[in-house]
Each structure stands twice: as C-alpha cells, then as structure tokens.
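Colleague: The residues making up each chain are set out below.
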Amino acid sequence: MTRREGGAEARAGWGFITPAMLLIGVFFAIPVVSAFVLSFTDFDIYSIGDVGSTRFVGLKNYADLFQMPLFWKALRNTLYFVVLGGPLSAAASLAAALLVHSKLTRFKPFFRSAFFAPWVTTLVAVALVWRYIYHPQYGLLNAGLGLVGIGPIDWLGDPRWAMPSIILLSVWKNFGYNMLVFLAGLSSIPEELYEAAALDGAGAWHRFRHITLPMLGPTFVFVGVVTMIASFQIFSEPYVMTQGGPLKSTTTLVLLMYEQGFRWWRLGLSAAIAVVLFLLTLGGTLLQLRLQRSTTR
Amino acid sequence: MSARERIRVIGFNGLMVLAAALAAAPLLWMVSASFMAPGEANTSPPPLLPRDPTLEHYRTLFTSYNLGRYFLNSLGVALGGTILAVLITGMAGYAFAKLRFRGRDPLFRALLAGMVIPGQVAMLPMFILLREMGLINTLLGAMVPVLAPIYGIFLVRQYALSIPDDLLDAARLDGASEFRIFRSVVLPALRPVLATLGVFTFLSAWNDFMWPLIVLSDDSKYTLPVALANLAGEHVQDVELMMGGALVTVLPVFLAFLFLQRYYIQGIMAGSVKG
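Line by line, the protein sequences give chains A and B.
FYI, our numbering numbers position 292 of the first sequence as 292, with every residue one higher than the one before it.
FYI, our numbering numbers position 28 of the second sequence as 28, with every residue one higher than the one before it.
Next up, chain B with everything else stripped away, as it sits in the complex (with noise of 0.2 Å):
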C-alpha cells in the first residue's frame, strides 16, 4: 500500500468512526446521564459525564416505581409470544412450502397481499373482541397480534423450499406420521430460520407500544414502554430517574443483538434479496 493510500483509508475510516459515534451518541448520553445526580443533566453547558456516579435512580425505579413488575410483564410477553409464534409459523411456513394440498397457492398469495394492511387497521374491531373474549387487561391480550406474524410464514417458507424432498419421502416410505416428519426431520432443518424468526418477534414484542397501551389499563398489567410513557407524563423534570427507566427498557433488546447480532443481519438480508 502506498503511503498516499494508507493516509486515505485513515482518513475515511477516522470519518467513519466519528459516524458511528454520532450515531451512537444518543444511546451513550441515555447510559451517562442515568447516574447522574437529581437535576444535574439541566444544566448549563449540558455535562455529558456525571461528576459523581450514582445509583440512586435505579434504587428508586425498582422499589418506588415497580419496574422489576413491569420488566417480567415485559418478558413474559415476549418469551410466550416468541415460543408460541415461532412455533405456529414454522408448521405453516413448512407446510405452505412442502405439504401439497388443495387451496394452498391462493391461499399463500391471499396472506402475501394482507402484508400491506396496516395493523392499526384491526386495532378497535379487535379491541371490542377481545373485550367480548375478557382478554381485555391480560398479558395473554397483550400478546396476539405477535403470535402468527405473516412476514413470518413467509421467510419460513422461503428457507424451508430448500430442504430436499427426497428426504421427506424417505422418512415417509419409513412409515413415519407426517408429525413424526415434522419434529425429527424439519424442525431441525429450519433451526436457524426459526432462530432468527425468534429474535425478531422477541424484539417486536419487547418493544410493541400502541396494541400494549390499548389492552392493559391496569398499572400493575403495563408491559415496560407503557410504564415509561406513562412515568414520563408526571417525571418529565426527572431526566435521571428517565433516562434509567429507557436504559432499562432497552438493554435486554440491546444485549440480545449484541450476542444474536447474526441472526438479525442474516434475517433482513435474506428477506430482503428475495422480496
């Protein structure tokens, strides 16, 4: 490498580094102002370290605000809806892909064209019925609208075209139920899909606001962003004791992809090429 060229890829690589520190910038100050003392975030020039670490708003958020409640609200929502939709999506996404039966293209197709509608679309006829159902306030109500995701069918069945048909016929020709088939020869097969279909519904669910906001009226049902929204409506001047509650709300999500980063990267970019 010439000398002219090294000086180049420093300094493009010095730009990007101060790009992603701008992007990471926000995140960074949520974590630096979080233990600071009360009111020292409002100051001017804003400090962007504490001067005194401390972890007094943390005490607070997990005994005066209830969050330890609201942060098993939020994970068993999103661990039940994760287990359950992965699940009902990889039997229909492998059916839709190898089972052959009457009505099974137009059917597909149909779902496909539903991917446009907008959710909210379905937000107050669902609410009537699942007031109708009493899952009204319920975490199971929380849940629903993550449980059998469409663009879910979809990526299942676009990995699972390419497991060999040869392999299920001769399990069949073993006599094996077509159940049978399923647990020991697909599942295992569609393991890093379904992977991957994983950890975008826990995150979808983890960080769902407006369905959450609408069914569960009872403080103590709230999954973790509704806590916060509704905390920062009466602690708006509290940006410490604020910005510890976001830190908490984001930092499974956060450690999540930092260890399952692969699954994410994989998953947009297979869905993405195809679509």
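For reference, chain A alone in the conformation it holds in the complex (with noise of 0.2 Å):
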C-alpha cells in the first residue's frame, strides 16, 4: 500500500515540476546551449529569412570579435562597470544598513523605506530623469554643484564622465536592495557579542572591524556574487543615457551584443559575445566563492 502511495506522490511530484521545468528548458536551457551552437555559425539577416542558408564556420565569429577594437573597449567599459561600481554599490548599502540599523535611528522602518524605494522603480524612467539631472546647463547636480564652486561639468558628454556617471545612477538605484540584505545579517549577529565586547572595553571601531565585519562574511559572499552578475548585464542605463557614446566610452558588452544582433542582425557574433558574457561571470562567480572558502578556512 505504501509503495503504491509512493508512486502517485512521485507521478504529482513529476506532474507539478513539469511546467516549469518545460518553460526553463524550452526557454533557457536550450537557447543556452544553442547560443553556443549560435556562435559557431554565420546567421545573419539572409539566415532570418532561410534558416537553412547557415553555415557552420569554426571559430569565426571569435577571431572576428577578438580583431575589433570596439570589442576591446566594450570589454574594458564592462570591467569598469563592475569593478567601481559593484564595489561603491555594496559599500553604499553596507553604509545605508549602518544607519538604519543604529541604536539611535528613529522611526526605522520609515528611514528603510525611503532608501529602498529607488531599487523598485521603472530603470527606463528614472534614467531619464538622470540624464536630465545630469544636463550641463540646466541640470541639478550642476546647479548643487556650483553652490560650492565646483563645475560646470559635461556629465555625459565627456567621454571621462560619462561612465561615472552611470554609475553614480546604478548605485542609487541599486543600494536599497542589498541595505536590506545587509541589514538582515546585522539582525542576526547576537546581541550578547557587543555587550562583552564593551564590557572589554572595545570602541566602536574596534567592534565594527572584529565583531560586524567577520559576522557579516556570508553576506558579502551573497551581496558579492548578485552585484557582480547583475552589473556583467548592464545594458538599459547605456540605452537610455548615452547609447553607448560619446565616443563608445559607455558600450558595454551586453550593449554591443545588442546592436550586433538585433540591429544588425549579425546572430552568429552576437552570439560570441554573449558566450565571452557567460564565461566572464562563471569566471568572477567561482574567484568570489574561492576566495570566501579561502577566508574562512
């Protein structure tokens, strides 16, 4: 009787994965693993049009993509994206949760609603706004700059601002989602840790450095590894802001995956491009978590 039960828990078991599991493959895994196939090819417009006029050309479309110099740049404007601005947006949300967290914060929840209400609004919009904040006559930032005699500077105009700038954006539209996270991990170090701790005598450096920190190591793995995948895919605020420019000092890779592809319609390097995407995030994901086990062990 028993097995028999354990058939139909079994069958509904398979039945209630089955449509996601159908979706996730029919909508992810498989397109995947023919976006490797993809790069192999030379689909391009005559391909849309006839599916069967696509050639398989070898590594073609890499020794073409490795040749262009906007490749290079568009790989080098990326690593700068997630380099500076992964590592602002986690201390930025690591700050905000301090804050929130004190003893002496009044009306919490208040204060964690406010800076966490820019992570849900509309990246399109509110980069919109941005650009019009950032416009070097009649912009804000500009006006509050110049209060203290500073400026004028052309925000997105100037090919060494422009990426700045985007980041700038993405960190405040970004840092309320990990304050949270933080903040989840400040609430579960205990109490008691602090207490002994003053009772040592230890200022509140000292505590922050030996009891928050090490007590918030997990955190930053998990904060590390979602910021640094989410900023490889940067795509919309380039859009949006500065299509790329001035001077292409703001193509990213997902930008020029984009305009190659479906654009252009060159499938095949597009598809290159987003093979570099995934091998350059399996890369940094695995040096994060190697270097947290090398931390704790």
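Here are the in silico distance ranges between beta carbons for each label pair:
1. MET215/A to LEU112/B: 23 to 31 Å
2. ASP105/B to GLY58/A: 34 to 42 Å
3. LEU22/B to ALA8/A: 53 to 61 Å
4. LEU287/A to GLY68/B: 46 to 54 Å
5. GLY151/A to ALA21/B: 15 to 23 Å
6. ARG191/B to LYS103/A: 33 to 41 Å
7. ALA24/B to ARG290/A: 35 to 43 Å
8. LEU187/B to LEU279/A: 34 to 42 Å
9. VAL116/B to GLY49/A: 33 to 41 Å
10. LEU287/A to ASN66/B: 44 to 52 Å
These stretches of chain A come out as covered by chain B in the derived footprint (C-beta under 8 Å, 3 or more residues):
11. 23-32
12. 177-186
13. 278-289
Quick caveat, the hints were computed from the structure, so don't treat them as lab data.
Positions of the beta carbon are idealized from the N, C-alpha and C atoms, including for glycine.
Need the complex rebuilt from these two chains, each delivered in its own frame; the hints are there to steer you.
Modeller: Next comes the structure, spelled out in structure tokens:
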C-alpha cells in the first residue's frame, strides 16, 4: 500500500514540476546551449529569411570579435562598471544598513523604505530623470555643485565622466536592495557579542572591525556574487542615457551584443559576445567563491 | 535620556532625514517637473517647483502619444505573467520541497547552478525560437522570461520545507488526491511566500526593458518602458513631457510598493539570510 502511494506521490511530483521544467527547458536551457552553437555559425540577416542558409564557420566569429577594437573597448567599459560600480554599490548599501540599524535611529521602517524606494522604480524612467539631472546647463547636479564652486561638468557628454555618471545612477538605483540584505545580516548578529566587547572596553570602530565585519562574511559573499552577476549585464542605463557614447565610452558588452544582434542582425557574432559574457560571469562567480573559501578556512 | 544624548539623537536623525531627502530628490524632481510649463525646466537656475502647475503634459501623453495603450500593454504583461508565474513556480517549489521522486535533488541542484547564467545569453536563440513559434510582437512573447523564475522556485521551496509532513500524510490517509492536497492544504500554507513572489514578478515584468525591446516591434504592442525610451529619442528637449511619461511608468510599481512593502522587505531578507 505504501508503495502504491509512493508511486502516486512521485507521479504528482513530476506532474507539478513539469510546467516549470518545460518553460525553463524550452526558454532557457535550450537557448543557452543554442547560444554556444549559434556562435559557431554565420547566422545573419539572410538566415532570418531562410534558416537553412546558415553554415558552420568554426571559430570565425571569435576571431572577428577579437580583432574588433570596439569589442575590447566594450569589455574594458564593462569591467570598469563591474569593478568600480560593484564595490561602490556594496559600500553604499552597507553604510545605509549601518545607519538604519543604529540604535540612535528613530522611525527605522520609514528610513528603510525611503532608501529602498529607488530599487522598485523602472530603470528606463529614472535613467531619463537622471539624464536631465546631469544636463550640463540646466541640470540639478551642476546647479548644486555650482553653489560650492565646482563645475560645470558635462557629465554625459564627456567620455571621462560618462561611465562614472552611469555608475552613480546605478548605485542610487540599486543600493536599497543590498541594504536590506545587510540589514538581515546585521540583525542576525547576537547582541551579547557587542555587550561582551563593550565590557572589555572595545570602542565603536574596534567592535565594527572585529565583530560586525567578520559576522557579515557570508552576507558579503552573497552581495558580491549577486551584484557582480547583475553588473556584467548592464544594458538599459547606457541604452537610454548615452546610446553607448560619447566616443563609445559607455558601450558595454550587452549593448554591443544587442547592436550586433538586433540592429545589424549578425546573430552569430552576437552569440559569441553572449558566450564571452557567460564565461566572464562564471569566472567571476568561481573566483568570489574561492576567495570566500580561502578566507573562512 | 541625558541632554547630551538627546542632542546626539536629534543630530543623527537630522542627518538621516537629509540622506533620505537626497535619495528621494530625483523622484521628487521628476514629479515636480512633470507639472511645469513647456520649457520651464530648461531655465537657469533650474526651478525646483512649477511656477504655475499644469496637467497639459499628461493630457498630451494620453491623447497624442497613446500612453493609455502602453499602460494597458504593460499591465497585461505584468499581471498575466505574475498569475502564471505564481501558479507554475508555486507547484514546482512545493514539489521540490515535499514530494519524493527520483531525480528530484540532482534536478534542483542543476536549477540552482543555472541561476548564475545571465539571462541575456539565452536571448538570441530565444528570439529565433519565438519567431518560429509566431510569438514575436505579441504580449505573450514579452511575458516568456518571467513565467518560471528559478529564484522563485528556490524561494517557494525554502518556505514549503516548513510545512509539516504529518499534515500532508493525514490528508493522504483521508484519501485526498495529490492535487487536492496541493489546492486545499499547501496553497493556503504558502500564501505569504506566493504573495512575495507575486510582487517581485510583477515588478520585474513591469520594469523589464531589454526583452520587450527585442520582441515587440510594432508600436501598438509596446510596453511603457519601451514606449518611453522610444519617445525619449524623439522628444529629448521636452523635459516636462518626458517627466510626465516617467511618472506614469513608475507610479504603479511605486504605489504597489507603498501598500505591499512588507512583502518586498521580508522576501529579500528571507531569501538572502539562507543564501
């Protein structure tokens, strides 16, 4: 009797996961594998009309890609965004979490929501808002900086400032999410640790350095991996604010992939960029996990 | 509380208010500028408040620029996607947590590993596939990426693990079918996590830009973010008009957040502590 019921349970189990597995298989797993295959073909505008005209071209797309100066520029821009934007965003999140968590703070839920609010907004809409805030002549940012004698800076028009401007928007938009993650981490640190340290005469910095930071270790790994994966995918910010300019200084890998694939219909070449993106993300994730293992053991 | 301590609290909270105001400033300015007269925002020094508030831009957006249509498209994609995703991931998350079947754990581990793959890697073949299926330029096609989110399966599974086995076994002894158990025992127990999943799915479907941009080619099918980006290309100079469009785009998700805050906040905190 139990056996028969076990059979019913297993059947139900497979039945319940089937819709999800079908969708993930058809619209995620198979396309991811196909992206690799596609990157070895000359799939282009003619293949859109007639898929049969597609041929395998081996590593040609990769060879073309590596000889394309714009690819290296996009790679550099993306890494710039990941390496500078990621840690800045995590630092802003941690700072906000510490402020909200502080014993001195009144109306904690209010501040928590206020700092989190930008995260729920639509990126395309707020990127437009920031485009006007960054306006060299009429923008609020230059008006504010002008009061203290700085500027005016052509934020989105100057190749040196365009990527930092996008990073600032992105930090503002996203820090609220990781703030909540850090808040969850902070609230799981036992209060007794701080009390014992205070009894030993440890100052605020000392307690932060030797209790808070180590106890947040796993949180840092989570934040680091999630933020990095998301950062490699940056697309909408440059698409809306700068279209990759000026002088291609904000053209990112995904923006290049989009342009090659859906503006010029070079889907084979575009797929090669997707594969590079995949390998970068994978490499970055493994690196972070290894760093984590070596620091905790 | 001593006088010194009180001063510290007041000073600290004063700084907090300042920081919150700074974080809110771009959004507040968006609201304010959308009520300004044409060209008013492009004056120096930039005005913070409209001299003579007007609804002109909202009228223009809805009458001349079809914003109502895009709004309905967005709503359709977001609501449809959310309802389907909650059902599909709810069932899968429960099965991975509570139903014993061969291959369950390896399959779940494979799913988790898949979470590190950026969604864009799949987009090119997915475009070709949807083209073959005739789903290009349809709202259903725009919905596809949110229908079975892996993080959602993970979230539901974590929550479903806490459903007592006795409860399920008791229902089985009463002769209830597995589907019946899911409907009348499991679904009610999963309500909080499904609500969390629902608000996140709605948010990501509403805010999504790249995939709808790729899949929707016909103006009448655009969702709000795609329409807004398109409009911005033609009307860069019309700051006030664009801010009205931005406000209409942000408002629904912002209101949803105001009323359903706890689901967002609990969802992120619960998902991360275990992760």
